[in-house]
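Chemist: Letter by letter, the chains look like this.
2 protein chains.
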Amino acid sequence: MKIYAVGLGPGDMAYLAPGAKEAIKRSDVVVGYTSYIKLIPDLLAGKEAISTGMRSEAKRCQAAIDEALQGKVVSVVCSGDAGVYGMAGLLFELVEARHVEAEVEIEVVPGITAATAAAAVLGSPLTNDFAVISLSDLLTPWEVIEKRLNAAALSDMVVCLYNPQSSKRSDYLSRAVQIVMQYREASTVCGYVRNAFRGESQSERVCTLEALPDEPVDMLTTVIIGNSDTRVIAGKMVTARGYRITDIDEG
Amino acid sequence: MKIYAVGLGPGDMAYLAPGAKEAIKRSDVVVGYTSYIKLIPDLLAGKEAISTGMRSEAKRCQAAIDEALQGKVVSVVCSGDAGVYGMAGLLFELVEARHVEAEVEIEVVPGITAATAAAAVLGSPLTNDFAVISLSDLLTPWEVIEKRLNAAALSDMVVCLYNPQSSKRSDYLSRAVQIVMQYREASTVCGYVRNAFRGESQSERVCTLEALPDEPVDMLTTVIIGNSDTRVIAGKMVTARGYRITDIDEG
Chain A
131 MKIYAVGLGP
141 GDMAYLAPGA
151 KEAIKRSDVV
161 VGYTSYIKLI
171 PDLLAGKEAI
181 STGMRSEAKR
191 CQAAIDEALQ
201 GKVVSVVCSG
211 DAGVYGMAGL
221 LFELVEARHV
231 EAEVEIEVVP
241 GITAATAAAA
251 VLGSPLTNDF
261 AVISLSDLLT
271 PWEVIEKRLN
281 AAALSDMVVC
291 LYNPQSSKRS
301 DYLSRAVQIV
311 MQYREASTVC
321 GYVRNAFRGE
331 SQSERVCTLE
341 ALPDEPVDML
351 TTVIIGNSDT
361 RVIAGKMVTA
371 RGYRITDIDE
381 G
Chain B
131 MKIYAVGLGP
141 GDMAYLAPGA
151 KEAIKRSDVV
161 VGYTSYIKLI
171 PDLLAGKEAI
181 STGMRSEAKR
191 CQAAIDEALQ
201 GKVVSVVCSG
211 DAGVYGMAGL
221 LFELVEARHV
231 EAEVEIEVVP
241 GITAATAAAA
251 VLGSPLTNDF
261 AVISLSDLLT
271 PWEVIEKRLN
281 AAALSDMVVC
291 LYNPQSSKRS
301 DYLSRAVQIV
311 MQYREASTVC
321 GYVRNAFRGE
331 SQSERVCTLE
341 ALPDEPVDML
351 TTVIIGNSDT
361 RVIAGKMVTA
371 RGYRITDIDE
381 G
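For the record, the sequence lines run as chains A and B.
If you count the first sequence from 1, you need to add 130 to reach our numbering.
If you count the second sequence from 1, you need to add 130 to reach our numbering.
Quick list of in silico lysine-lysine cross-link-like pairs, DSBU-like style, CA-CA up to 30 angstroms:
#1 B:Lys-151 x A:Lys-177
#2 A:Lys-189 x A:Lys-168
#3 B:Lys-155 x B:Lys-168
#4 A:Lys-151 x B:Lys-168
#5 B:Lys-177 x B:Lys-202
#6 B:Lys-155 x A:Lys-168
#7 B:Lys-202 x B:Lys-155
#8 A:Lys-168 x A:Lys-151
#9 B:Lys-155 x A:Lys-155
#10 A:Lys-132 x A:Lys-202
#11 B:Lys-202 x B:Lys-168
#12 B:Lys-189 x B:Lys-177
#13 A:Lys-189 x A:Lys-151
#14 A:Lys-155 x B:Lys-168
#15 B:Lys-277 x A:Lys-277
#16 B:Lys-151 x A:Lys-168
#17 A:Lys-151 x B:Lys-151
#18 B:Lys-132 x B:Lys-155
#19 A:Lys-155 x A:Lys-132
#20 B:Lys-177 x A:Lys-151
#21 B:Lys-155 x A:Lys-151
#22 A:Lys-155 x A:Lys-202
#23 B:Lys-202 x B:Lys-189
#24 B:Lys-202 x B:Lys-132
#25 A:Lys-155 x B:Lys-151
Here are some chain B residues the structure puts well away from chain A; computed CB gaps all over 12 angstroms:
#26 Ile-167
#27 Lys-168
#28 Ala-175
#29 Ser-300
#30 Arg-305
#31 Met-311
#32 Pro-343
#33 Pro-346
#34 Asp-348
What the hints contain is simulated information worked out from the structure, not anything from laboratory work.
For each residue, glycine too, the CB sits at the ideal point set by N, CA and C.
If we strip away everything but chain A, and leave its shape as in the complex, we get (with noise of 0.2 angstroms):
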């Protein structure tokens, strides 16, 4: 049967595509990480709803596949947009691992991600070209992360970190920052968002690159790194995009 990768957005539900409400509606099982689950009391009503701690995004998957191996529609929720570091990817790879890409179908319905929520939380960061990073070593060795940093670094693109930092690896934001400054400013116009768009719990702020390894910085921040065309315009973060008076006259 099917299985729907939905992703829920930032968390606020005034930014829960009508779509994704759909999907869930349409489903029989609801499948997700506790906190995601919680967002979404009133969908869940006459549902089955499978909800585990954050490390078993596997568990969570084979569960899914299971249901829809039984006949049933089933939704994986994940926060953000299912497919960016979501759980959508995993889906398909361990219905290939498991030889049933003929039995279950796998339909992928966007969500705003982490890096366009934050962004309109600091201003206007990503204007131009990005690079979006996520600093969490489980899945991709540091060598290949640090090679990313300093590619998006030193063509200038402005860069927006996932997973900067946690308490096991309290130092990460920290060495990124070191790889930016070999190209950078110290003074490069920098923000973060924590919960961005969830309430009372949101906190942002914009900073500068030397100043960003001292910022309260956890695995609920997005972090953007500005170009050398980002700057402080009314308090906000923007990059500019070099239109010019001649272009603004012509109009």
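Given the structure of chain A, go ahead and fit chain B onto it with the hints provided.
Modeler: Leaving out everything else, chain B in the frame of chain A:
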């Protein structure tokens, strides 16, 4: 007064966030490119709508600022996310140029951007680090775009291309592919989506890097170039994240 920079998402109302609808409803004036304004006729009842052709981004933003300075609440709408190559940055730039930062507040309302919309249609190509690069050299010199393509390719990031080609720039995608081919196999899995989530008009295809320049790609198309971990599963484009069997067993 206030300007909302509102991303409408890919176009299908099923992927327009309720929060974006609310911002438009709260507005006296709605400003946008004619074809985007047409997407939201139901939301325009009783409102002034200002729509102009494609090349008048700055004119549209100036008109929005004029209206806001007259005390009105204005929504500037665009497709995808307002902050990704969108109008949000330009609004900030113009408010700064006119020295009206204190009078005009800009609030960015996030939407589902083309990268994640296209990724959902193709499968799950953005499961790991990726770069978003526009091939339009209207506001960014081609040398800078080349540098970024080189950087993203050498560091094995998936690359999502916005504005990949137009009738005036018919060889840009081919030039981009030549750059990436220096670092990646000709057989690298790629995909593209035209009019993602726009009903019948949507078309998509998974192909190889080598074949990409000959595909029918235009300005309404988003192209995703896979990395060394991208493969085809069940006909979809999937970037594997490297979950090992032990992770899966441990769950």
